Amino acid sequence: MTETLADFRRRVADFLAHHGCPAGAAPSRSRRPADHVAAARVHQRALADAGLAGITWPVEVGGLGLGPEYRQAFAEESAGFETFSAVFTIGLGMCGPVLLALGTADQRSRYLPPLLRADEVWCQLFSEPGAGSDLAGLTTTAVPDDDGGWRIRGQKVWTTYAHHSDRALLLARTDPGKAKHRGITMFVLDMTAPGVTVRPLRQATGDAEFNEVFLDDVRVGPDDVVGAVDEGWRAATLMLMNERVALADNPIGSPVTLDAVVALANRTGRTTDPVVRKAVADAYVAQQQAELFARRIAGEVRVGRDPGALASIGKLAAGRLATQVSALALEVAGPDAVAWDPADPDGGLWAYGELYAPSLSIAGGTEQIQRTVLGERVLGLPREPQADRDVPFRELRRG
Amino acid sequence: MTPYTDEHDQLRASVRGLVRTDRSRARENTGHDVTLWRRMCDELGVAGLAIPEVQGGAGFGVVELAVVAEEVGRANLPSPFLTTAVAGLALAAAGEDVGAIARGERLATVSFSPDGRHVPDGDVADVLVLVDVTGASVEVVELGGVPRTALTTMDLTRGQAHLDLRGAPRREIDVPAHRVAALAATLLACEQIGGAERVLETSTAYASQRVQFGRPVGSFQAVKHLLADMLVDLELARSAQQHAVALAADTGTSAPVLDAASRTARAACSRAFTRISSDGIRVHGGIGYTWEHDAHLYFRRARASAVLFTPGDDADRLAAYAGLAS
Numbered sequence: 551m552t553e554t555l556a557d558f559r560r561r562v563a564d565f566l567a568h569h570g571c572p573a574g575a576a577p578s579r580s581r582r583p584a585d586h587v588a589a590a591r592v593h594q595r596a597l598a599d600a601g602l603a604g605i606t607w608p609v610e611v612g613g614l615g616l617g618p619e620y621r622q623a624f625a626e627e628s629a630g631f632e633t634f635s636a637v638f639t640i641g642l643g644m645c646g647p648v649l650l651a652l653g654t655a656d657q658r659s660r661y662l663p664p665l666l667r668a669d670e671v672w673c674q675l676f677s678e679p680g681a682g683s684d685l686a687g688l689t690t691t692a693v694p695d696d697d698g699g700w701r702i703r704g705q706k707v708w709t710t711y712a713h714h715s716d717r718a719l720l721l722a723r724t725d726p727g728k729a730k731h732r733g734i735t736m737f738v739l740d741m742t743a744p745g746v747t748v749r750p751l752r753q754a755t756g757d758a759e760f761n762e763v764f765l766d767d768v769r770v771g772p773d774d775v776v777g778a779v780d781e782g783w784r785a786a787t788l789m790l791m792n793e794r795v796a797l798a799d800n801p802i803g804s805p806v807t808l809d810a811v812v813a814l815a816n817r818t819g820r821t822t823d824p825v826v827r828k829a830v831a832d833a834y835v836a837q838q839q840a841e842l843f844a845r846r847i848a849g850e851v852r853v854g855r856d857p858g859a860l861a862s863i864g865k866l867a868a869g870r871l872a873t874q875v876s877a878l879a880l881e882v883a884g885p886d887a888v889a890w891d892p893a894d895p896d897g898g899l900w901a902y903g904e905l906y907a908p909s910l911s912i913a914g915g916t917e918q919i920q921r922t923v924l925g926e927r928v929l930g931l932p933r934e935p936q937a938d939r940d941v942p943f944r945e946l947r948r949g
Numbered sequence: 011m012t013p014y015t016d017e018h019d020q021l022r023a024s025v026r027g028l029v030r031t032d033r034s035r036a037r038e039n040t041g042h043d044v045t046l047w048r049r050m051c052d053e054l055g056v057a058g059l060a061i062p063e064v065q066g067g068a069g070f071g072v073v074e075l076a077v078v079a080e081e082v083g084r085a086n087l088p089s090p091f092l093t094t095a096v097a098g099l100a101l102a103a104a105g106e107d108v109g110a111i112a113r114g115e116r117l118a119t120v121s122f123s124p125d126g127r128h129v130p131d132g133d134v135a136d137v138l139v140l141v142d143v144t145g146a147s148v149e150v151v152e153l154g155g156v157p158r159t160a161l162t163t164m165d166l167t168r169g170q171a172h173l174d175l176r177g178a179p180r181r182e183i184d185v186p187a188h189r190v191a192a193l194a195a196t197l198l199a200c201e202q203i204g205g206a207e208r209v210l211e212t213s214t215a216y217a218s219q220r221v222q223f224g225r226p227v228g229s230f231q232a233v234k235h236l237l238a239d240m241l242v243d244l245e246l247a248r249s250a251q252q253h254a255v256a257l258a259a260d261t262g263t264s265a266p267v268l269d270a271a272s273r274t275a276r277a278a279c280s281r282a283f284t285r286i287s288s289d290g291i292r293v294h295g296g297i298g299y300t301w302e303h304d305a306h307l308y309f310r311r312a313r314a315s316a317v318l319f320t321p322g323d324d325a326d327r328l329a330a331y332a333g334l335a336s
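For the record, the sequence lines run as chains Y and S.
To convert, take the position in the first sequence, counting from 1, and add 550; that gives the numbering used here.
To convert, take the position in the second sequence, counting from 1, and add 10; that gives the numbering used here.
Bound-form chain Y, shown alone (with noise of 0.2 Å):
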């Protein structure tokens, strides 16, 4: 028989009340990383012990085959506790739904169950030097070996938690003869596997949270290609749409919020300055928006629809509320914001907040492409014309 609702909601108040670690006291994601990650790894095999892992996912595989309300009655017990969702959105957001639409049955019950539990992390090998916004401009190659298996060469970038990742999803040009969306195939890769080199990439805030990922003649066995040969981009569209839902349930946005900015402001005294107080209200009045926003987008997700195009307008709202607020943070803290002192635990906030705003625009699809989409998908305005539709990939002009 179903849980009820009342009892999933009593269960997972009382895990979080034994396991729950609060917003904030985790280890730092910024400062110490590989802390954040292990302790991320603990929290998800609890989670999976207490049998509140994979919600939605089917009981076959570890999960508890519940309805999206469940989901939601999760998230809002959730509130105020830490939720990992930065190490956990590429695994269990996108990798697991993926395998559950296409994988075989013996990639769903080999893959997902430790997927479930934290003992494998996964990561998105899809971005590279050359194909970024325009994706399907990849140049990765599956070459096929005589035994059926592929061997993988080229290179990957951007990849968040590949250092901290056992396997991925890898997209890799299979047929260089077909137009360009049509010769993609989508692979499981093992990151331990001979070939597969990762180095840390250093962002501007000086993290190293992504990072390239060099694939030097790496075999993969034929049960690893997910879904069918040549039809990756299906794959990788399923797998974006996946990360829209993941994100509207789980927005990343700035480390630096308004409410850290208003409690500065009040400690410094600057709460009388007719300037500060009107641009506390803008960033109020913009905040409130992205919230209330994000609330309506997060409502159709857990009630089972694609938010589809209209997330990209959460996407730009996170982006614009970050610059905004970490802009507002450097002119109430004055001269502390750009320089401090290092025995001061707080010192770089503000520094890391402006620093990190502009990744918000360009992280999973820049504030350029999300505009197209809207123009495109939502308006329904004709396409810019297509050089590259329909012609064979190898004829493309790249560079």
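Certain hints may be false.
[To be verified] Straight-line alpha carbon distances no greater than 20 Å define the calculated EDC-like cross-link-like pairs of lysine to aspartate or glutamate that follow:
| # | chain 1 | residue 1 | chain 2 | residue 2 |
| --- | --- | --- | --- | --- |
| 1 | Y | Lys828 | Y | Glu881 |
| 2 | Y | Lys828 | S | Asp326 |
| 3 | Y | Lys828 | S | Asp323 |
| 4 | Y | Lys728 | Y | Glu781 |
| 5 | Y | Lys828 | Y | Glu850 |
| 6 | Y | Lys828 | S | Glu211 |
| 7 | Y | Lys728 | Y | Glu945 |
| 8 | Y | Lys728 | Y | Asp780 |
| 9 | Y | Lys728 | Y | Asp684 |
[To be verified] One-sided excerpt, in silico: chain S residues whose CB lies under 8 Å from chain Y:
| # | residue |
| --- | --- |
| 10 | Gln20 |
| 11 | Ala23 |
| 12 | His235 |
| 13 | Leu241 |
| 14 | His253 |
| 15 | Ala278 |
Keep in mind the hints are simulated off the structure, nothing from the lab.
Given the structure is predicted, the values throughout are model-derived calculations rather than measurements.
The beta carbon of each residue, even a glycine, is placed where N, CA and C say it ideally should be.
Assemble chain S onto chain Y, guided by the hints.
Just chain S now, kept in the frame of chain Y:
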């Protein structure tokens, strides 16, 4: 999430069918379209929509008023709907005789300026609800013998007048000032969303048709991204507006929560409508800047609406709601 149901869609369709109007209806300080107003009242009962049935209204609520306000804004309709709906509901809540207002035969209006200046629809209204939010008092003023100066207005769709209230008969009525203020701000936000939505639609249609350099101009990123930004502004503001409507419709909403949400909605929708109607002119190019086209009429209404019902302390109050000490 949205406060609207299927029945609201039907109401919306009825109002839209009736007010579908051409821009020649934009008054040039000659008064609103009286014939259309009579039909809106006789056929749809818009003037008394939220007034209880025992007082001569239809007994619906704030959500229904929101639907009509959005449609009035969409059509950029010169109409006393907004002011008479807000003032009528305040008078009804105070137990006043509102039968003629519910029928749309008497026009009520609402103002927040104690000196009687810049009263919206003050050129045509019969009775004024004067709200003092700071002093938490509401007065009703009969306008029969009050000297008025109808103003020349930037917005050609909503009149204003300076009223000489010295010696006018006035008395206090028992209705919470903050609720009247919240309703005025919220319904104004609805009008603004309706107008912004219409401007985005016409601008998108124009950019899809208009061909230059052998392509529809909407296929150029410079134009496409401008329209996408208009969409972002619209949908973000709409979230704030729908939230305010839901809270205003709930009589259990506390005063500070209602005040924060309605001020946020007004600020968000004022900015969104201003930007969208201004960019709407740009998308249309030269034709959008002429009297041949109604783009400028929406822009005029957006600029005037952005300073309507504003008590002047929005920045201060919104900063306080963000947690900033006074």
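Evaluated hints:
no. : hint                 : in the structure
1   : Lys828/Y to Glu881/Y : holds (12 Å)
2   : Lys828/Y to Asp326/S : holds (7 Å)
3   : Lys828/Y to Asp323/S : holds (10 Å)
4   : Lys728/Y to Glu781/Y : holds (11 Å)
5   : Lys828/Y to Glu850/Y : violated (34 Å)
6   : Lys828/Y to Glu211/S : violated (32 Å)
7   : Lys728/Y to Glu945/Y : holds (10 Å)
8   : Lys728/Y to Asp780/Y : holds (9 Å)
9   : Lys728/Y to Asp684/Y : holds (17 Å)
10  : Gln20                : violated (23 Å)
11  : Ala23                : violated (22 Å)
12  : His235               : holds (4 Å)
13  : Leu241               : holds (6 Å)
14  : His253               : holds (5 Å)
15  : Ala278               : holds (5 Å)
In summary, the numbered hints that this structure violates are 5, 6, 10 and 11.
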